[in-house]
Amino acid sequence: MTTLIEARAAKPRRKPVGHAMLIGGAVAALAVGAALPWIVPTKIAMSLLAQAMFDALLATSVGFLILQNGRTSFGQAAFFGLGGYTIGVLVARQWVAPELALLAALILPTAVAFLLGLVISRITGVAHAMLTLAVGQAFYEVVFRWRELAKGDDGMSFDLPARVFGFSARKLQDPAFMLVLSWTILVLVLVGLVLFTRSRVGQVAAAIRDNEERARFLGYSTVMPPALVYAIAAFIAATAGILQACYNGYIAPQMFHWSTSGFALIMAIIGGAKFIFGPAIGAIVLFYIKDFAGQFAEYWPAIVGGILVVVTLTMPRGVVGLALLLWRRGTGR
Amino acid sequence: MTGHVIEGIGLSRRYGGFAALDNVDIAVKQGEIRGLIGPNGAGKSTLIDVLSGRAATRGGKVLLNGEDISALTPQERRRRGMARSFQRTNIFPDLTVEQQLLVAAWAVPGADIAEVMDELRLTELADIPAGEISYGDQRRLDLALALVGRPAVLLLDEPAAGLTMEESLGLARILRDLANRWKVTVLLVEHDMQVVFSICDRITVLHLGRSLSEGTCAEIRVDPTVIAAYLGTEA
Amino acid sequence: MLIQILNGIVYGGLLYLLAVGLVLIFGLREVVNFAHGALFMIGAYIGFSIAAMGYWWSGLLVSVFAMALVGCALDAAVFSTLRKHDHIVTVLVTFGILLILETVVTKVWGKAYLTYPVPPLLAGTVSIGGSPFPIYRLFVIAVSVAVAVSLSLWLRYTRTGLYIRAASTDARVTSMQGINVDRLSLIVVGLGTALAGLSGVVAGPLLSLSPTMGNYILIDSFIVVVIGGLGSFAGAFIAALLIGQIHNFGAVYLPWAATVLPFMLMVGILIWRPTGFAGSRT
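Chains as they are written, first to last, in my numbering: chain P, 1 to 333; chain Y, 1 to 235; chain S, 1 to 282.
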């Protein structure tokens with residue numbers, strides 16, 4: 001037994017966190033989430049924090065594309081908006097049952113992203129950034145001009161149905177409930193992403209990100225796995241969009257706007273897109289900075305821009321990367 | 001069946017007005033290590049590219065175990081037992097050594113990475129991202145990626161480029177040994193004549209996109225056309 | 001019909017002024033400047049403030065010079081430090097700068113839409129093919145053509161132009177040839193942002209001024225740059241004219257297509273040549 005332990009200790013670092021620890025962490029995080037309504041002092045704080053959770057989900061979506069596909073997107077809001085608009089429009093028109101509307105709002109953006117991913121996964125770097133910016137903005141333009149769909153640039157409010165899946169849907173607009181719900185979804189999404197990156201298809205996607213040509217000559221189709229990653233990222237963005245639309249009972253073209261994509265990207269970069277948890281932490285860090293900088297609200301975009309420049313140039317692995325570095329130094333490893 | 005594992009018939013490829021490959025025939029027997037030599041621009045890398053499906057041939061065809069695979073994609077060729085390496089180190093820098101060998105293994109049913117890691121002395125490096133290991137280790141990893149699953153045919157494009165003489169000969173020894181034991185047929189492009197003469201069974205000499213000569217090491221060494229065109233007086 | 005074509009050329013000309021600045025900056029510094037639209041906007045606002053006092057032409061000059069200075073400062077302070085970084089880092093940094101500049105504009109000039117006057121000299125219309133056409137629009141066409149011609153002559157026939165073309169091909173090799181790339185890029189980036197300022201001022205009376213005016217035109221000029229092949233001056237010129245025509249004809253005859261067609265064109269070009277320009281250099 002001792003030899004086994006020694007052999008393990010002699011091996012160089014970087015063994016990933018075990019499944020037991022992952023499950024333990026997730027359970028602890030879920031417990032914290034359930035207790036949030038008693039921890040967070042006011043309804044307004046809960047409401048703001050719930051909004052931060054939507055942001056965290058969208059940032060996670062953007063970061064996952066960077067982590068797993070190595071692609072920087074300036075248009076992830078397209079799927080955020082598509083999720084929100086699908087549920088908003090379907091519920092407002094009452095064309096289908098709310099359960100079906102929810103399903104459609106998850107499937108449509110995911111399918112669109114998958115098809116788009118089949119086509120654009122070959123495009124890398126800056127060209128990808130410009131392209132996703134343009135594609136996202138094309139969605140925005142359509143929604144902005146198409147007044148019959150959802151009142152164009154005015155946006156549209158809609159009433160939630162009385163019941164969804166047998167539960168009272170009104171709860172979705174209660175800050176405490178929404179906070180717990182979105183926190184829980186975020187935790188589950190993060191755990192799901194960790195499991196994905198450890199799965200075969202996740203590892204193959206990472207290999208394709210690293211070196212597309214070699215992966216091809218090792219016998220892999222280099223189109224499918226990246227497209228799957230686009231689809232998963234869009235699914236997460238759509239989830240965030242659905243939550244936000246239901247919580248506000250309101251959809252507007254701003255959901256598609258490139259500044260929505262851009263801010264999500266900034267959160268991912270600040271948190272550290274090399275880590276699955278980084279973007280979510282980035283969203284929460286920015287949330288608290290915003291809270292702290294309340295009196296300078298009118299300078300907020302400039303503050304975020306400044307932080308982005310500093311983080312990009314001085315800490316390429318983001319806040320999480322910096323924290324890990326300090327921790328490793330502190331523990332002398 | 002022709003008894004050849006890998007065979008190229010009438011392979012041609014042009015880049016602009018330049019004939020990189022001009023009607024080249026090549027056939028390598030089971031278990032053979034075939035050296036591919038020639039001056040720069042002779043068409044060695046192009047031949048590897050055409051055989052592996054990275055570049056298309058203009059006319060001619062590629063046979064794997066007697067079966068025409070000219071129309072297959074690189075990934076289909078790999079799944080039928082053809083593996084290759086690249087002139088420039090071509091690994092997955094952010095994946096650990098073990099991770100990328102696993103990825104390579106998943107594409108081949110029944111492949112075992114332990115034997116490859118063991119033979120190529122990579123076991124110690126298993127958990128380190130490939131971008132952080134030394135150049136010599138990266139070249140062995142590059143070879144290991146191609147050797148996972150014991151391919152029937154291995155096309156190697158200067159696997160020892162950039163290595164010291166000692167490292168090159170070490171790599172050559174491993175290659176010779178594994179090819180014998182695992183019954184891998186090898187087509188090897190190499191500039192280092194010492195490596196070529198020490199491990200190859202037969203040698204094909206390319207010159208200006210054409211096959212100039214073919215024979216055993218001893219025959220090639222004394223072939224007057226080869227000496228005139230390539231080896232010069234040193235050999 | 002003729003009027004529509006001319007209107008398309010007007011918008012194409014504006015896009016060309018912006019796109020060519022992006023091409024210049026990318027060529028020398030390998031920076032994809034997301035802040036270019038914001039510089040366009042600031043140019044317009046500076047010109048506006050001076051024009052509002054009754055000095056339209058001084059507004060034009062001051063704005064162009066001010067933006068040239070801003071460009072030099074950006075190059076010295078930011079772009080020159082980005083040389084060793086990945087392209088996507090330059091995108092993030094210039095995106096951050098864009099947010100800062102937008103905030104500056106909002107603070108100084110407010111969020112309201114402002115109307116930029118037409119200079120008295122160029123007020124009024126002429127009759128073209130029986131329809132009235134604003135003289136000012138002809139002036140915009142003239143400015144873009146003048147810039148296009150003088151830029152191509154400069155790049156082709158002067159020593160500096162030769163250096164710029166060489167550095168755009170390979171900055172490292174060029175600097176090894178003993179050419180001071182840092183000084184060269186100061187000129188080039190300054191020129192690029194000055195053109196953004198010029199474009200902002202001449203566009204001012206055509207578009208209304210607002211803190212978001214830079215975003216729309218930035219995306220359109222990205223499309224131009226991508227369709228023209230990032231790094232190609234002639235490509236940018238042709239693509240700008242093309243997008244200008246699509247923009248205008250579409251707006252009149254096919255509003256739906258006009259919105260989406262340029263994006264589709266960009267996607268198509270990138271799929272056709274995914275590693276042709278920006279991709280391969282990343």
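The hints are simulated quantities; they were obtained by calculation from the structure and are not laboratory data. Check before you lean on any hint, since a few could be wrong.
What the hints assert, rightly or not - Below, a list of computed lysine to any residue pairs in the SDA-like style, where the Cα atoms sit at most 25 Å apart:
no., chain 1, residue 1, chain 2, residue 2
1, S, K111, P, R198
2, S, K84, P, V319
3, S, K111, S, R183
4, S, K107, P, A297
5, S, K84, P, W300
6, Y, K29, Y, L163
7, S, K107, P, V310
8, P, K151, S, H85
9, P, K151, S, F263
10, S, K111, P, F277
11, P, K151, S, T81
12, S, K84, P, I307
13, P, K274, Y, S134
14, P, K290, P, T331
15, Y, K61, P, G321
16, P, K274, P, P316
17, S, K111, P, V142
18, P, K151, S, V62
19, P, K151, S, V89
20, S, K111, P, V319
21, P, K274, Y, I133
22, P, K43, P, P316
23, P, K274, S, T81
24, S, K107, P, K151
25, P, K151, S, K111
26, S, K84, S, Y216
27, Y, K183, Y, G66
28, P, K151, S, W109
29, P, K274, S, V89
30, P, K151, S, T259
31, P, K274, S, K111
32, S, K107, P, F296
33, S, K107, P, Y288
34, P, K151, S, G250
35, S, K111, P, F144
36, P, K274, S, H85
37, Y, K29, Y, Y15
Now for the hints, and whether the structure bears them out:
With a CA separation close to 48 Å, the supplied pair K111 (chain S) and R198 (chain P) exceeds the 25 Å bound. Distance hint between K84 (chain S) and V319 (chain P) is fulfilled; the C-alpha atoms sit about 22 Å from each other, no more than 25 Å. About 37 Å separates the Cα atoms of K111 (chain S) and R183 (chain S), which puts this hinted pair outside 25 Å; it is violated. This hinted pair checks out: K107 (chain S) and A297 (chain P) have alpha carbons roughly 12 Å apart, not beyond 25 Å.
Using a Cα cut-off of 25 Å, the hinted pair K84 (chain S) and W300 (chain P) is violated, with the two alpha carbons roughly 30 Å apart. Restraint check for K29 (chain Y) and L163 (chain Y): the C-alpha separation of about 29 Å exceeds 25 Å, so the hint is violated. Between K107 (chain S) and V310 (chain P), the direct Cα distance comes to roughly 22 Å. Compliance with the 25 Å bound is thereby established for this hinted pair. Of the pairs offered as hints, the one joining K151 (chain P) and H85 (chain S) is violated, with about 44 Å between alpha carbons and a cut-off of 25 Å exceeded.
Between K151 (chain P) and F263 (chain S) the CA atoms are separated by roughly 23 Å; this keeps the pair inside 25 Å, and the hint holds. The hinted pair formed by K111 (chain S) and F277 (chain P) fails the criterion: a straight-line CA distance of about 36 Å is larger than 25 Å. Restraint check: the Cα-Cα separation between K151 (chain P) and T81 (chain S) comes to about 46 Å, which exceeds 25 Å; the hinted pair is violated. Using a Cα cut-off of 25 Å, the hinted pair K84 (chain S) and I307 (chain P) holds, with the two alpha carbons roughly 20 Å apart.
The straight-line distance between the Cα atoms of K274 (chain P) and S134 (chain Y) is roughly 23 Å, inside the 25 Å bound, and the hint therefore holds. For the hint linking K290 (chain P) to T331 (chain P), the alpha-carbon distance of about 32 Å lies beyond 25 Å, and the restraint is violated. Taken as a hint, the K61 (chain Y) and G321 (chain P) pair is broken in the structure, with Cα atoms around 52 Å apart against an allowance of 25 Å. With a C-alpha separation of about 9 Å, the suggested pairing of K274 (chain P) with P316 (chain P) holds against the 25 Å cut-off.
For the proposed pair K111 (chain S) and V142 (chain P), the alpha carbon gap of about 24 Å is at most 25 Å, so the pair holds. Using a Cα cut-off of 25 Å, the hinted pair K151 (chain P) and V62 (chain S) is violated, with the two alpha carbons roughly 42 Å apart. The straight-line distance between the Cα atoms of K151 (chain P) and V89 (chain S) is roughly 38 Å, outside the 25 Å bound, and the hint therefore fails. Between K111 (chain S) and V319 (chain P) the CA atoms are separated by roughly 33 Å; this puts the pair beyond 25 Å, and the hint is violated.
Only pairs whose Cα atoms come within 25 Å are accepted, and K274 (chain P) paired with I133 (chain Y) is accepted, the gap being roughly 20 Å. Between K43 (chain P) and P316 (chain P) the alpha-carbon distance is near 36 Å, which puts this suggested pair outside the 25 Å criterion. Distance restraint check for K274 (chain P) and T81 (chain S): the Cα-Cα separation of roughly 23 Å lies within the 25 Å cut-off, and the hinted pair is therefore satisfied. Note on K107 (chain S) and K151 (chain P): the hinted pairing is violated, with a Cα-Cα distance of about 30 Å set against a maximum of 25 Å.
Straight-line distance between C-alpha atoms of K151 (chain P) and K111 (chain S) comes to about 23 Å, which keeps the hinted pair within the 25 Å bound. Note on K84 (chain S) and Y216 (chain S): the hinted pairing is violated, with a Cα-Cα distance of about 30 Å set against a maximum of 25 Å. Note on K183 (chain Y) and G66 (chain Y): the hinted pairing holds, with a Cα-Cα distance of about 17 Å set against a maximum of 25 Å. Between K151 (chain P) and W109 (chain S) the alpha-carbon distance is near 30 Å, which puts this suggested pair outside the 25 Å criterion.
Proximity of K274 (chain P) to V89 (chain S) is assessed by CA-CA distance (about 14 Å); at most 25 Å being required, the pair is judged to hold. Of the supplied pair hints, the one linking K151 (chain P) and T259 (chain S) holds, its CA atoms being roughly 18 Å apart against a limit of 25 Å. Restraint check for K274 (chain P) and K111 (chain S): the C-alpha separation of about 37 Å exceeds 25 Å, so the hint is violated. Annotation: proposed proximity of K107 (chain S) to F296 (chain P) holds, straight-line Cα distance about 12 Å (limit 25 Å).
As the CA atoms of K107 (chain S) and Y288 (chain P) are separated by approximately 23 Å, the hinted pair is consistent with the 25 Å bound. Between the alpha carbons of K151 (chain P) and G250 (chain S) the distance comes to roughly 22 Å, so the proposed pair stays at or under 25 Å and holds. Proposed proximity of K111 (chain S) and F144 (chain P) is supported: the alpha carbons are some 20 Å apart, at most 25 Å. At roughly 17 Å between alpha-carbon atoms, K274 (chain P) and H85 (chain S) fall within 25 Å of each other, so this suggested pair holds.
A C-alpha spacing of about 30 Å is found between K29 (chain Y) and Y15 (chain Y), which places the hinted pair above 25 Å, so the restraint is violated.
Violated hints for the displayed structure, listed by number in ascending order: 1, 3, 5, 6, 8, 10, 11, 14, 15, 18, 19, 20, 22, 24, 26, 28, 31 and 37.
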